[in-house]
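Protein chains in written order, with the numbering used here: chain A, 1 to 137; chain B, 1 to 696.
Calculated directly from the structure, the hints in this document are not laboratory data. Take these hints with a grain of salt, some might be off.
Below, simulated DSS-like cross-link-like pairs (lysine-lysine); rule was C-alpha separation at most 30 Å, straight line [to be verified]:
| no. | chain 1 | residue 1 | chain 2 | residue 2 |
| --- | --- | --- | --- | --- |
| 1 | A | LYS42 | A | LYS119 |
| 2 | B | LYS158 | B | LYS265 |
| 3 | B | LYS125 | B | LYS154 |
| 4 | B | LYS290 | B | LYS364 |
| 5 | B | LYS634 | A | LYS110 |
| 6 | A | LYS119 | B | LYS634 |
To be clear about the criterion: a stretch of chain A counts as covered by chain B if any three or more of its residues have a C-beta under 8 Å from a C-beta of chain B, and this derived list gives those stretches [claimed, not checked]:
| no. | segment |
| --- | --- |
| 7 | 100-112 |
| 8 | 121-132 |
No residue lacks a Cβ here, since even glycine has one placed at the ideal position from N, Cα and C.
Residues per chain, in single letters:
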Amino acid sequence: MSHSESLQTSLPNGAQAVVIDDSPTMRRIFERELNSLGINVKSYNDGNEALEALEGTIDETTLIFSDIQMPSMDGFELCWRLQQAPWYDGTPLVMVSTMSDASSVIRVLKLGADDFIPKPFNREDLAQIIERVLSHD
Amino acid sequence: MTEVATIQKRVVDRMQVRIEHLDTLLGLAGEVIITAANLQDLERRTNATSQSNDCLGNEGLHLIKSCNQATRRISQDLHDLVMAIRLVEIDETFRLLRRPVRDLCRNLGRDAEVVFEGSSTLIDKALAERLVDPLLHLLRNAVDHGVETTIDRKRADKTLQGQVVVTANDGENETMISVADDGAGIDEEAVRARARDLLGEAAADRPLLDLICEPGLSTAGQVTGTSGRGVGLDLVRTVVDDFDGELTLSTQPGRGTTFTLRVPKLRAVNIIDALTLRAGDSLYALPIDKVTANIGLNPADVNTAFDRERHITHQERIVPLHDLQGLLDNAPLEDTDGLLPVIILRGRSGEAAFVVSEFLGPQKLVNIPLDEDLGHHRAVAGTTVFTGGKLGLTLDVDALVAAALGDTAPTRTDLEVLSPATATTDPADEADIAPTSEPEAQGNLVIGEDTGQLIDELITNLGKLQDSLLTLESDAGNEDELNHAFRRLHAAKGHLSVLEAEPQTAFAHHLETALDYLRAGRLSITPQRMDLLLDCVSYLVESANTLPGLPESPPAELLSQLVDLTASDAVEAEDGRDYTSLARQPFDLSASAQLQVLSALKRGERTYETFFEFEAGRQPGFLAAYLLLRRVGKAGTVLATLPDVSDLEQGRCGREVKILWSTSQDEGEVDTLFDRLTPLYNLREHRSIPTTIFSY
């Protein structure tokens with residue numbers, strides 16, 4: 001069974017993902033792939049904007065995907081801020097980047113991210129990571 | 001285990017004979033012909049002299065003498081020669097042990113080096129075959145219970161790697177084979193104390209070897225998957241006993257244990273330990289180990305049911321009763337007053353009791369197998385000469401019991417040959433001995449001499465290939481051995497191709513590519529890869545054993561793993577670090593880590609060494625390792641890792657990681673957890689070994 005198939009059984013109904021990426025292309029790819037896996041997507045091109053939106057909607061959010069290299073607030077800072085936020089409830093946070101060297105990846109994981117996907121990724125990679133982070137409990 | 005079985009199957013029916021032995025045999029045949037000619041000459045002379053009433057004269061006497069001498073010498077030489085031909089190098093046996101032993105060490109997580117010495121020692125072919133299981137058992141014992149865990153060894157100030165030495169030695173009259181480990185030895189006092197508890201005071205004084213052969217008195221703290229059950233030390237004893245040998249034990253606390261098998265060199269004759277008896281006018285002998293009981297039966301205790309089936313009750317079992325002589329040739333036994341001598345025999349199909357005339361007692365006898373051409377009673381194994389020169393028959397108990405139980409009616413026809421006092425012949429029985437074997441289904445090849453030889457060569461080559469791989473595993477840099485392996489595989493591929501085993505040829509080709517990558521340094525040798533390569537060789541051996549029939553195609557999983565091995569993304573950019581032997585590397589625990597282990601154990605938790613290997617893929621190894629570490633940390637407490645955490649965090653990690661951790665979960669739960677994680681983290685393998693309570 002592929003990950004995208006097995007994901008269907010573990011995914012809650014009306015799953016909602018938040019995607020934070022400064023590249024419109026990446027945001028489109030995320031939307032397309034996540035939708036195909038049955039996940040609704042809200043995307044933001046900037047961390048500040050996303051954090052503001054998440055404050056009120058964290059309860060409905062199933063997953064958060066974030067790029068690392070972004071202007072104004074990078075992925076590291078986003079991780080850190082999210083962990084500090086009193087309203088953050090531990091919704092899985094997956095970082096996405098072409099920087100898959102150990103120092104960046106481990107650093108972002110230590111800052112509180114739950115997992116990491118190297119870019120580029122395909123639908124199966126994405127489904128596997130989602131299964132992974134949702135299987136935590 | 002199947003490995004042993006498949007290779008051994010081949011060993012049983014054939015053996016190689018050295019040309020010089022055949023030359024000697026030819027020479028002896030020549031001498032027999034000359035002696036026969038001399039005897040003919042002698043007969044002619046005797047004929048002539050008897051007609052003329054002359055005596056034979058000096059010349060005739062001389063001829064008799066020389067014939068006599070020649071016959072004696074030739075028979076002695078023949079005997080010696082047959083014995084020499086029967087001898088094989090014990091290496092044939094050792095070779096069958098190498099792979100199982102290696103797997104054993106890995107499965108038990110014991111770091112032990114097993115050394116075979118004296119592999120050119122010559123032993124009888126029959127012994128070589130029977131020795132495999134006992135030696136494997138002793139090796140299991142040595143690795144599982146003898147050699148300590150790495151931690152225990154460290155504390156005992158021993159080399160971390162345990163050593164087990166299997167030695168074969170050729171004495172004048174006997175062959176000695178010993179299995180020695182440098183482990184903790186057997187705690188004799190503890191065994192005796194347990195014996196006292198379980199078997200009573202008297203038992204505690206029996207020799208140590210007797211005690212550890214007792215079920216339930218094993219020195220093992222617990223029964224593991226590989227030892228403490230199944231074939232036991234008693235099997236080792238049985239085999240040694242069958243060859244009139246002796247098993248001895250010496251053990252030194254803290255220094256190790258040695259089991260020694262001494263087996264006298266065999267004579268060419270087939271000696272059986274027999275119970276002899278008389279039934280009617282005939283003398284019979286049967287192997288004593290098939291006898292359940294011999295009893296004096298009160299005729300009143302014989303029950304008759306269904307008019308004719310007679311049976312007795314023995315130890316609460318109902319056993320059918322027959323006249324031995326009646327069953328064999330329908331001659332009834334003479335009537336006896338008082339108790340009937342009855343023997344109860346156990347065959348493959350069950351138990352049966354037989355009335356005989358008289359027990360004559362146990363004897364060692366030479367069984368002379370019947371000439372096949374004679375055609376013979378199924379229950380008769382051969383003839384024998386009793387002490388005092390009387391002739392008798394040896395019985396095949398399995399066939400006899402089967403006949404008594406009605407499975408197969410014995411054919412009386414053939415008995416006429418052996419026992420002139422036979423009753424009438426039933427024509428229906430004659431049909432019984434007609435050959436019934438059907439022509440066997442064959443593959444697409446006609447079996448000829450060449451084919452047989454090719455298959456033999458193929459199997460030999462594959463056996464040597466396996467040896468080379470095993471050598472390489474412990475000596476990865478041995479380029480010569482790698483080249484040997486490559487050449488052997490290449491030769492095997494050639495044979496497979498000539499034998500028209502196409503899927504196997506293609507498979508061998510993939511395997512060859514993998515070896516080529518190893519040779520070129522594009523792939524490094526890891527334990528997992530070695531497992532795969534050895535599995536591939538095992539598959540080829542299995543296939544070769546089915547030739548010239550149609551062997552099964554390679555299992556899809558094995559084939560895809562093999563192909564993946566040489567797929568471009570699996571060939572990693574080696575960064576110069578050695579990641580090869582993580583699974584076997586011991587943890588080097590700091591003092592504080594040791595304290596942590598102790599406190600975990602004090603809390604009543606279990607500790608495991610869990611080894612993970614990841615599939616090659618785009619996901620970096622350190623990421624999977626780091627995430628797994630988190631997972632393990634949620635299920636328990638991580639105590640140490642290999643590579644250590646700081647290396648991991650800097651990305652210094654190959655496709656393997658090993659974690660020492662404590663948890664309240666049992667083995668089953670731990671395996672379930674990691675089974676669930678297998679698809680999520682692309683695990684190729686995970687293996688959790690519980691570490692013993694006092695290991696740390």
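We went through each hint and held it up to the structure:
Taking the CA atoms of LYS42/A and LYS119/A, the gap is near 20 Å; set against the 30 Å cutoff, the hint holds. Between LYS158/B and LYS265/B the CA atoms are separated by roughly 38 Å; this puts the pair beyond 30 Å, and the hint is violated. Annotation: proposed proximity of LYS125/B to LYS154/B is violated, straight-line Cα distance about 42 Å (limit 30 Å). Taking the CA atoms of LYS290/B and LYS364/B, the gap is about 15 Å. The hint holds against a cut of 30 Å.
Distance check on the hinted pair: LYS634/B and LYS110/A sit about 15 Å apart at the alpha-carbon level, within 30 Å; holds. For the given pair, LYS119/A sits about 28 Å from LYS634/B by alpha-carbon distance, which is consistent with the 30 Å threshold. Counting residues of the segment 100-112 of chain A whose CB lies closer than 8 Å to any CB of chain B gives 7, which reaches the minimum of 3, so the coverage claim holds. Check on the segment 121-132 of chain A: 4 of its residues sit with their Cβ under 8 Å from a Cβ of chain B, so the three-residue criterion for coverage holds.
Of the numbered hints given earlier, the model fails hints 2, 3; all others are met.
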